[in-house]
Amino acid sequence: MRKKYIIVSVIAISLGIILAILPAKKIRTEVRPNQMLMELLDETRYMSVDKVAEYIVEQNRFGLLIDVRTPEEYAEWSLPGAFNIPFDSILSPNYEYILNQDIYTNILFSNGTTYSSQAWMLLKRKGYTNNYIMKGGLNNFITTFLTTQYPLESESNETFDLYQFRNGVRQYFTGSGEIPASNEQEPKNEIIIKKNKKKEDDVGGC
Amino acid sequence: MIEKSKKYMNPYLAGVIMGLIIIGSFYLTREGVGASGAFKSVVVSGVKAIAPGHAESSTFYQNYIKSHAHPLQSRLVLLVLGILVGGFISGSIMGRLKFKIEHSPKISSKTRIIVAIIGGVLFGFGASLARGCTSGAALTGMVSLSVAGFVTMIFIFGTGYVMAYFFRKLWL
Amino acid sequence: MGPLTEFGILNHEGGILAAFIIGIAFGFILEQAGFSSSRKMAGVFYGYDFVVLKVFFTAAVTGAAGLLFLNYFELIDLSQIYVNRFFPPAAIAGGVIMGLGFIIGGFCPGTSVCAAAIGKIDAMAFVGGIIIGIIIFAETFPLFKNFFNMNPKGNIKLTELLGIKDGIFVLFFIIIAIVVFFVSSKIEKKVKKVEY
Numbered sequence: 001m002r003k004k005y006i007i008v009s010v011i012a013i014s015l016g017i018i019l020a021i022l023p024a025k026k027i028r029t030e031v032r033p034n035q036m037l038m039e040l041l042d043e044t045r046y047m048s049v050d051k052v053a054e055y056i057v058e059q060n061r062f063g064l065l066i067d068v069r070t071p072e073e074y075a076e077w078s079l080p081g082a083f084n085i086p087f088d089s090i091l092s093p094n095y096e097y098i099l100n101q102d103i104y105t106n107i108l109f110s111n112g113t114t115y116s117s118q119a120w121m122l123l124k125r126k127g128y129t130n131n132y133i134m135k136g137g138l139n140n141f142i143t144t145f146l147t148t149q150y151p152l153e154s155e156s157n158e159t160f161d162l163y164q165f166r167n168g169v170r171q172y173f174t175g176s177g178e179i180p181a182s183n184e185q186e187p188k189n190e191i192i193i194k195k196n197k198k199k200e201d202d203v204g205g206c
Numbered sequence: 001m002i003e004k005s006k007k008y009m010n011p012y013l014a015g016v017i018m019g020l021i022i023i024g025s026f027y028l029t030r031e032g033v034g035a036s037g038a039f040k041s042v043v044v045s046g047v048k049a050i051a052p053g054h055a056e057s058s059t060f061y062q063n064y065i066k067s068h069a070h071p072l073q074s075r076l077v078l079l080v081l082g083i084l085v086g087g088f089i090s091g092s093i094m095g096r097l098k099f100k101i102e103h104s105p106k107i108s109s110k111t112r113i114i115v116a117i118i119g120g121v122l123f124g125f126g127a128s129l130a131r132g133c134t135s136g137a138a139l140t141g142m143v144s145l146s147v148a149g150f151v152t153m154i155f156i157f158g159t160g161y162v163m164a165y166f167f168r169k170l171w172l
Numbered sequence: 001m002g003p004l005t006e007f008g009i010l011n012h013e014g015g016i017l018a019a020f021i022i023g024i025a026f027g028f029i030l031e032q033a034g035f036s037s038s039r040k041m042a043g044v045f046y047g048y049d050f051v052v053l054k055v056f057f058t059a060a061v062t063g064a065a066g067l068l069f070l071n072y073f074e075l076i077d078l079s080q081i082y083v084n085r086f087f088p089p090a091a092i093a094g095g096v097i098m099g100l101g102f103i104i105g106g107f108c109p110g111t112s113v114c115a116a117a118i119g120k121i122d123a124m125a126f127v128g129g130i131i132i133g134i135i136i137f138a139e140t141f142p143l144f145k146n147f148f149n150m151n152p153k154g155n156i157k158l159t160e161l162l163g164i165k166d167g168i169f170v171l172f173f174i175i176i177a178i179v180v181f182f183v184s185s186k187i188e189k190k191v192k193k194v195e196y
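Sequences listed follow chains Z, S and A, in order. Heads up, the final residue of the first sequence is numbered 206 in the working numbering, and it's a clean run with no missing numbers. Heads up, the final residue of the second sequence is numbered 172 in the working numbering, and it's a clean run with no missing numbers. Heads up, the final residue of the third sequence is numbered 196 in the working numbering, and it's a clean run with no missing numbers.
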């Protein structure tokens with residue numbers, strides 16, 4: 001009986017020594033194809049500009065806008081209340097507390113969707129949740145709200161409601177009901193409405 | 001005693017098999033085994049069914065309902081149902097199926113039931129607080145080498161040893 | 001390559017079915033080891049039966065070593081394994097309360113289910129107690145919500161904290177377990193047997 005346990009112990013220790021000697025193997029699974037494909041097919045990672053505008057207008061403190069463009073672009077103009085995390089430092093530990101949490105809804109945006117999508121993908125790989133991409137990016141935001149067309153008489157009520165909402169958002173941003181004559185895609189400097197960026201502090205608590 | 005030790009499996013062999021089962025669980029579903037989560041799932045759906053208004057207003061239930069699937073869909077509930085089935089199979093093979101209250105000769109059956117309920121209440125509360133019970137937090141946590149697993153294990157058994165003297169009448 | 005559910009090999013329903021099967025195996029082995037008897041379990045605290053310690057430690061060591069071997073042979077991606085989140089105050093307080101529950105009730109949630117399955121009425125009472133305990137927790141949750149979430153350390157591994165390789169830690173773990181088993185069987189021989 002005793003002998004049996006001694007043998008088992010010796011085997012166990014030898015296995016342990018083997019484990020201790022074996023090099024630690026880091027299996028690199030950069031992309032798990034099946035999973036990534038599923039995520040990419042899933043449209044829920046996008047948030048429509050209307051929804052984003054709703055967050056801004058309502059000053060919803062659970063929505064955190066994250067501008068992934070360069071600091072220069074951010075300084076020039078960004079969405080009100082947006083927080084700047086440049087794309088190249090998206091994985092920096094300094095910002096982890098913002099990106100890896102489950103209370104706030106993070107909305108990533110760039111001019112188009114290229115950078116925001118790439119940023120989103122990196123965050124997804126890290127296993128972070130609650131990150132979304134603003135569909136169409138800033139360009140889409142501008143075109144949607146600053147060049148809203150009055151709908152045709154034949155359109156449905158919903159279209160009218162949407163128009164009303166978008167018109168409201170435009171007024172919020174520009175302070176006028178007039179449709180700006182500008183057909184420029186890039187926003188002008190006049191429409192800077194910077195809210196105080198106290199959100200940065202709010203996130204830390206959790 | 002000899003007869004008794006034959007009845008139950010050799011503890012080390014049982015431990016090795018249990019370790020392999022936990023590995024299997026990790027291999028298949030990335031998570032280990034756990035029991036308390038299932039109870040939580042059942043409690044939350046129970047409260048939701050009986051008093052939906054209350055479940056709506058309480059932050060705990062709200063958070064839980066939002067983040068968890070229906071109980072029968074929940075992995076942990078199925079796991080506990082499995083434990084029930086597995087225990088029954090083993091008990092019936094070994095001829096241990098019998099309604100009985102097991103207690104020290106020094107205490108009555110009634111006392112045993114009362115202390116069992118008290119123990120259960122403490123365990124239910126503690127497991128919720130520590131985010132897992134002996135199997136979920138301590139055992140599985142140790143297999144994945146998580147700090148939480150070792151700390152929880154040390155405090156469960158540490159408290160057990162410290163308090164053992166005061167409750168010796170219940171067992172000896 | 002595992003974990004299968006993480007690599008899309010096993011879908012959601014498959015994962016649930018797998019959990020059921022694992023549960024059966026787990027319940028079976030708990031019962032086989034004698035965890036369906038509260039007096040046998042309580043023995044670990046009084047030195048007359050160390051079965052809990054033996055099974056528990058052997059399982060933990062086997063599991064930890066096995067995962068490393070699987071990882072080495074590229075059968076499992078350790079980075080995908082769930083590591084429990086660590087909140088020191090909640091983990092310690094919860095552990096202390098569970099320890100009390102253990103010494104008073106003689107079961108833990110998993111073993112109580114297993115014991116209830118073979119007809120132990122005290123185990124059924126224990127299960128009822130667990131449900132009451134969770135309801136109390138849920139109802140009083142706002143009171144200690146902050147305590148519950150205090151000082152989060154994330155999904156941290158002991159080897160990361162100590163800064164040593166997993167394999168070396170497991171070697172120490174094995175040696176410690178063997179020493180503990182040796183000592184416990186010595187104690188077991190000295191302590192007066194309790195019939196149950």
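Rather than coming from a laboratory, the hints here were simulated on the basis of the structure. There could be a bad hint or two in this list.
[Said to hold, decoys possible] Computed list of chain A residues with no C-beta within reach of chain Z, every gap over 12 Å: (1) Leu17; (2) Ile21; (3) Ala65; (4) Phe69; (5) Gly154; (6) Asp166; (7) Phe172; (8) Phe182.
[As the list claims (entries may be wrong)] With a Cα cut of at most 27 Å, we get these calculated BS3-like pairs of lysine-lysine: (9) A:Lys190 with S:Lys106; (10) S:Lys169 with A:Lys186; (11) S:Lys48 with S:Lys106; (12) A:Lys186 with S:Lys98; (13) A:Lys192 with S:Lys106; (14) A:Lys165 with S:Lys7.
Beta carbons: idealized from backbone N, C-alpha and C, even for Gly.
To see whether the hints hold, each was checked on the structure:
1. Leu17: holds (19 Å)
2. Ile21: Nearest chain Z Cβ is 23 Å from Ile21 (chain A), so the label holds.
3. Ala65: The claim breaks: Ala65 (chain A) does not keep its Cβ more than 12 Å from every Cβ of chain Z (closest is about 6 Å).
4. Phe69: Given that some Cβ of chain Z is not farther than 12 Å from that of Phe69 (chain A), nearest at about 7 Å, it is violated.
5. Gly154: violated (9 Å)
6. Asp166: Check fails; 6 Å does not lie beyond 12 Å.
7. Phe172: Incorrect as stated: the minimum Cβ-Cβ distance to chain Z is 8 Å, not above 12 Å.
8. Phe182: violated (8 Å)
9. A:Lys190 with S:Lys106: holds (22 Å)
10. S:Lys169 with A:Lys186: holds (24 Å)
11. S:Lys48 with S:Lys106: violated (42 Å)
12. A:Lys186 with S:Lys98: violated (33 Å)
13. A:Lys192 with S:Lys106: Holds, because 16 Å separates the two Cα atoms, which is no more than 27 Å.
14. A:Lys165 with S:Lys7: Given pair Lys165 (chain A), Lys7 (chain S) is violated - Cα atoms ~40 Å apart, limit 27 Å.
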